[in-house]
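Q: Sequence:
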Amino acid sequence: MSSQLALPETRHYLSVPKCLFQAIARLSWPARDRLFEQALSQVQGRTPVLVCDANRRLLRPCHPARARELLTRKRARLLCADPPLLQLRHAVVAGTEPCA
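Heads up: the sequence shown runs through residues 1 to 100, numbered per UniProt numbering.
Just so you know, these hints were derived from the structure itself, not from any lab. Hints may contain errors.
If you anchor each label on the Cβ, the simulated ranges turn out as follows [as the list claims (entries may be wrong)]:
#: 1; residue 1: Q22; residue 2: C80; range: 32 to 40 angstroms
#: 2; residue 1: S28; residue 2: R77; range: 19 to 27 angstroms
#: 3; residue 1: Q38; residue 2: L59; range: 18 to 26 angstroms
#: 4; residue 1: R73; residue 2: C19; range: 25 to 33 angstroms
#: 5; residue 1: F36; residue 2: D82; range: 38 to 46 angstroms
#: 6; residue 1: E37; residue 2: A65; range: 18 to 26 angstroms
#: 7; residue 1: T72; residue 2: S28; range: 25 to 33 angstroms
Owing to the predicted nature of the structure, the values given are computational and were not obtained by experimental measurement. Beta carbons are placed, not taken as given, at the ideal position from N, Cα and C, and that holds for glycine.
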C-alpha cells in the first residue's frame, strides 16, 4: 500500500447572476464541472469574430484566422473592433453559413 499525498482539487470561482447561480446550484459537482469545461473548451483563449452579411443580417461567428483572411482578400470590412464585427461585402443566401 503506497501512501500518496492527495492533492486538493482545483476549483475556479466565477461571479454569475443570481438566476444562473440558482440553475447551476441544482446540478451535482461533476455535472457543474462538465458544464464549465464544455463552455471553456469552446472559447479556448480565442475571441470569435462576429460576422454579418451586406444586409447586416448576423451570421455564425468565425475564427480570427478566417476573419483575417476575409479582410485580406477584401471580402469583408471591419465594422467594430471591440467586440470584433465584420461585414461581408455581399449578401448571403438564406440557409448558408460562409464562416466555418
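Q: For each hint, tell me whether it holds in the structure or not.
A: Hints, verified against the model:
{"no.": "1", "hint": "Q22 to C80: 32 to 40 angstroms", "result": "holds (33 angstroms)"}
{"no.": "2", "hint": "S28 to R77: 19 to 27 angstroms", "result": "violated (47 angstroms)"}
{"no.": "3", "hint": "Q38 to L59: 18 to 26 angstroms", "result": "holds (23 angstroms)"}
{"no.": "4", "hint": "R73 to C19: 25 to 33 angstroms", "result": "violated (43 angstroms)"}
{"no.": "5", "hint": "F36 to D82: 38 to 46 angstroms", "result": "violated (25 angstroms)"}
{"no.": "6", "hint": "E37 to A65: 18 to 26 angstroms", "result": "holds (24 angstroms)"}
{"no.": "7", "hint": "T72 to S28: 25 to 33 angstroms", "result": "violated (47 angstroms)"}
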